[in-house]
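S.K.: The residues making up each chain are set out below.
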Amino acid sequence: MQRPTHEIVSLSERAFLLGALAEGLRGDGRGVLDMRPVHIRLGPSSGAAEATLGDTRALARVSAELVEPFADRPTEGSFAMSVELSPMASGAFEPGRPSPEAIALSRVVERAIVKSNAIDLEALCVLPAKHVWAVRCDVTVVDHCGNLLDVCALAAAAALRHFRRPYVRVLHSEQGEATSVEVCAADVEEPEHLALRHMPLALSFALIAEDGFSTPLALLDGSEREEAIASGSLSVVLNQQGELCALHKSGGVPVGAEQIRECVQAAQLKFRALAKALDEVLNEAKKSLASSAPPSARTGEAATRQPPSR
Amino acid sequence: MLWVRPPATPAPPHAGARATWVTPGEELCEEVGFLRGHGTYVKDGMLVAAVAGVVERVNKLVSVRPYNARYGGEVGDVVVCRVVDVGAKRWKVDVNARQKGVLLLSSINLPGGEQRRRTAEDQLNMRQFYVEHDVLSAEVQTFFADGAMSLHTRSLKYGKLGCGTLVTVAPSLVRRAKQHFHTFDFGVATIFGMNGFIWVGIATALSPKADAMDVGSTRDGGIGEEAQESDASFHVRERTCRVCNAIVLLDRFFMPVAAAPVHALYEKSIEAGMSPWDMLLPENAILLADGLRASGVLGVRVADE
Amino acid sequence: MARASATAPSSARPGRHEFLSPEGLRADGRRQAEIRRFICKLETTDGRADGAAFVAQGNTHVAAAVHGPQDPSGSTRKMAHDRAIIVCELAMAPFAMGEWNPRGPSDRMLTEIAAMVEAVFEPLVLTHLYPGSQIVIQLRVAQVDGGLRCACVNAATLALIDAGVAMRDYACACTVGHVQGTLLLDVSAVEDGAGAELSVAYLPKVQRIALTHLSAAIPADELGEMLDLAIGGCKQVYDALDGHVREHMRLVAAGYGGSNAGF
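Protein chains in written order, with the numbering used here: chain A, 8 to 317; chain B, 143 to 447; chain C, 23 to 285.
So here's chain A without its partners, still in its complex pose (with noise of 0.2 angstroms):
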């Protein structure tokens, strides 16, 4: 499978890593189901995510802007994702228009949060047919060194689970009917977390398989050289629910069915810790602004205007 990668692994060194995974031993010394150290830091501004596993580095930025909803939609917003492959990440992105591999990795990710129905579009409506919020998460992939849509997932994860939308005040006429919409700046109203069912994160496998067709071995979490000689890879999405929100495995070496199932249940074991390390973060930083927020005249309201659990 052709995968961006500007590692060029010698024949020499090809054949060392792979007699090193016939021992069970990977290049830098993990297990074959073993994460790379995760590190998620949450932006000044609310929405802005960076993560990092191992020296993989993603940046994730969401914003959302009022617009007219789709005339078919009235009362549904919107959202898109877009991966950028940064070329400082790797002499192997250009600049300019996304290269398939940026379209595939962005579809993957915006595939699972939209499809699985992880953003409640309907709370993004607030007037039906008038104003809605067009929700938009961008993520710029600033260092590779392996498996970028897992830190791509990733960064999008926390960065929708932490941004705040400005507060939006509906006018009424005096008969009562909406007329138009205040936004709110945000010293004034307290802005608003995402309505999210569930937010989904992503765990690849490397597959590697010495003739390029054999039976593979799957490796969570490949590095830049594992990717380098691997010939396809399989991607799974899980969320909390248990839900299995994408199975991506296109193309590439063959598997059974047997060890998609097997790669399946290790990724929900490892999804935990994952999930875990980001439900952190998120509390840190919630715990940090609910003491440092100004007394507002809505902290009544916000007290009762609670974020929609998760």
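There's no promise every hint is true.
What the hints assert, rightly or not - Partner residues are not named here, just some residues of chain A that face chain C (Cβ under 10 angstroms, in silico):
| hint | residue |
| --- | --- |
| 1 | Pro102 |
| 2 | Glu108 |
| 3 | Ala111 |
| 4 | Arg114 |
| 5 | Ala202 |
| 6 | Leu203 |
| 7 | Ala216 |
| 8 | Gly239 |
| 9 | Gly249 |
| 10 | Glu250 |
| 11 | Val262 |
| 12 | Ala264 |
| 13 | Leu289 |
| 14 | Ala292 |
Claimed, not checked - With a straight-line cut-off of 20 angstroms between C-alpha atoms, the simulated DMTMM-like cross-links for lysine to aspartate or glutamate are:
| hint | chain 1 | residue 1 | chain 2 | residue 2 |
| --- | --- | --- | --- | --- |
| 15 | C | Lys257 | B | Glu169 |
| 16 | C | Lys227 | A | Asp35 |
| 17 | B | Lys234 | B | Asp276 |
| 18 | C | Lys227 | B | Asp186 |
| 19 | B | Lys234 | C | Asp93 |
| 20 | B | Lys185 | B | Glu169 |
| 21 | B | Lys185 | A | Asp218 |
| 22 | B | Lys242 | C | Glu45 |
| 23 | A | Lys277 | C | Asp243 |
| 24 | C | Lys100 | B | Asp288 |
Keep in mind the hints are simulated off the structure, nothing from the lab. Just so it is clear, CB atoms sit at the ideal spot from N, CA and C, and this is done for glycine as well.
Mind docking chains B and C on chain A? Use the hints.
M.R.: Using the frame of chain A, we list chains B and C on its own:
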């Protein structure tokens, strides 16, 4: 596009039909004791078919010949090719194969049949011999390491072709035969290139035969090259057209392309009073094809399968 | 060839908002584990392609043409010295999905599916036999009614076989839908829109899966059952594809081959 409905009752299997048809992924035999030929691969100690076709066993060599494939080429094949590029001491030619073929300057006949070392002047005058879009007949001499074919025209029967037209058919329809150069008695000459390029041209009295060493005036031997376009009368052109259409029909119905079937179709179309254009109309084509099958001219090939 | 049951009374069919009636019939009269009407044709002498095929799964129609192995001069992709590169070009008719939507060659969905087809056949084709060349698979989609990726894979498989390109095995693909709690084989667009669709490409002799694609979320513990059902569907597709290839070869041998076989 011809749409033909094959008969409701299938053709009876021929007495000699011992052929085994296989499809990709089908196991053939154990690997031990057999040699792996074309169209097969080894999986878990078994020889497995890689293409859809008929199994051929020659002693211990097991191979699968696909019913349709790109021209691969073998040393000694007669091919018809078209010059695509003039390079340094070589021409690049289109042989309808995986890669472009190569005709080295040292592999062609010099004018007058001279045998001498090629000089720098020859290299500068390469365009005097062949330029882009020339069609020639040649023979496969050898293969380069990357699989490209190297051709030669070191016989007077090969060389530039003129006064005729090229018909392309599926390469698997042209079988190896004793003679690929055939002159019909009605004044049309054909070359059945193994690569699926068939040259149909006007035969002249001066068409060089294999033993005509003293033709002299030709730059490099070739069928009809001496003939001028003005020599060709309307009737000869019409016959050439009919032969071309006969070959096109054979290709459309996926029948073997050789002198005998072409001649049979030619005769039948004249008997039926069809013009060369009418031959290609669906109802006439069906008529001709059915007649050809019934006549048994194809018998030799079908029994093979 | 599985056929929609024409004799099922319309009262046994599901109501407007359910997809499987209590009698076990779907909206088009099929059973739960029945694939749609499957038509495939090999069109050996159609045009200048080395191999050509057409596949219709229900109302999803895809035509494929294969050129090669050939000189890679026209391609922007870099040539590999030791194997053939596989290039897929996918084009969809503007009327294919119901609403008029002309998609250019840089359309995101088309590039994704084309990349997927390349990745499916790259390990399957014996590319080391054709060094320094390219194999171009051209797919033309005329109509889509669910299972687009599967129809593309099936059509490409047939076209590659017709072109005589050496492959390890067939790639047969089928979808399984998870709709309102039930599993349905070979879903149409309507059924897919109401639930989740899992597309699976299976190699029947190698017995492994080359492609999985999930369009929406499913409960993770139902994956095993869905994969099993999908593999069953893929085997049905294999029987149809292989049967047609053998029939085509028989007709070719008898002199009825070319674009005429397969009616």
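S.K.: Would you mind marking each hint as holding or not holding in the structure?
M.R.: Hints and how they fare:
1. The beta carbon of Pro102/A is not positioned within 10 angstroms of any beta carbon in chain C (closest approach about 16 angstroms), and the interface hint is therefore violated.
2. This hint holds: Glu108/A has a C-beta 8 angstroms from the nearest C-beta of chain C, less than the 10 angstroms allowed.
3. Hint on Ala111/A holds. Least Cβ distance to chain C is approximately 5 angstroms, under the 10 angstroms limit.
4. Of the supplied interface hints, the one on Arg114/A holds, with its beta-carbon coming within about 6 angstroms of a beta-carbon of chain C, less than 10 angstroms.
5. Hint status for Ala202/A relative to chain C: violated, with the closest Cβ pair at about 17 angstroms, above 10 angstroms.
6. Checking Leu203/A against chain C by beta carbon gives a least distance of about 14 angstroms; that is not within 10 angstroms, so the hint is violated.
7. Interface restraint check: Ala216/A against chain C, minimum CB-CB distance 8 angstroms, threshold 10 angstroms, status holds.
8. Nearest Cβ of chain C to the Cβ of Gly239/A: about 7 angstroms, under the 10 angstroms cut. The hint holds.
9. Annotation: Gly249/A was flagged as interfacial toward chain C, and the flag holds, the nearest CB pair being 5 angstroms apart, inside 10 angstroms.
10. Hint status for Glu250/A: holds, given a least beta-carbon distance of 4 angstroms to chain C, under 10 angstroms.
11. Hint status for Val262/A relative to chain C: holds, with the closest Cβ pair at about 6 angstroms, below 10 angstroms.
12. For Ala264/A, the interface hint holds, since its Cβ comes within 10 angstroms of a Cβ in chain C; the closest pair sits about 5 angstroms apart.
13. For Leu289/A, the interface hint is violated, the least distance from its beta-carbon to any beta-carbon of chain C being 22 angstroms, above 10 angstroms.
14. For the restraint placing Ala292/A at the interface with chain C, the shortest Cβ-Cβ distance is roughly 27 angstroms, beyond the 10 angstroms limit, so the hint is violated.
15. Our distance criterion of 20 angstroms between C-alpha atoms is met by Lys257/C and Glu169/B, whose separation comes to about 17 angstroms.
16. Note on Lys227/C and Asp35/A: the hinted pairing is violated, with a Cα-Cα distance of about 36 angstroms set against a maximum of 20 angstroms.
17. Straight-line distance between C-alpha atoms of Lys234/B and Asp276/B comes to about 11 angstroms, which keeps the hinted pair within the 20 angstroms bound.
18. About 12 angstroms separates the Cα atoms of Lys227/C and Asp186/B, which keeps this hinted pair within 20 angstroms; it holds.
19. Between the alpha carbons of Lys234/B and Asp93/C the distance comes to roughly 12 angstroms, so the proposed pair stays at or under 20 angstroms and holds.
20. A threshold of 20 angstroms between alpha carbons decides the hint, and for Lys185/B with Glu169/B the separation of about 9 angstroms falls inside it, so the pair holds.
21. For the suggested pair Lys185/B and Asp218/A, the alpha carbons sit about 12 angstroms apart, so the restraint of at most 20 angstroms is met.
22. Of the pairs offered as hints, the one joining Lys242/B and Glu45/C is violated, with about 62 angstroms between alpha carbons and a cut-off of 20 angstroms exceeded.
23. A threshold of 20 angstroms between alpha carbons decides the hint, and for Lys277/A with Asp243/C the separation of about 16 angstroms falls inside it, so the pair holds.
24. Between Lys100/C and Asp288/B, the direct Cα distance comes to roughly 16 angstroms. Compliance with the 20 angstroms bound is thereby established for this hinted pair.
Consistency with the previously given hints fails for numbers 1, 5, 6, 13, 14, 16, 22, ordered from lowest to highest.
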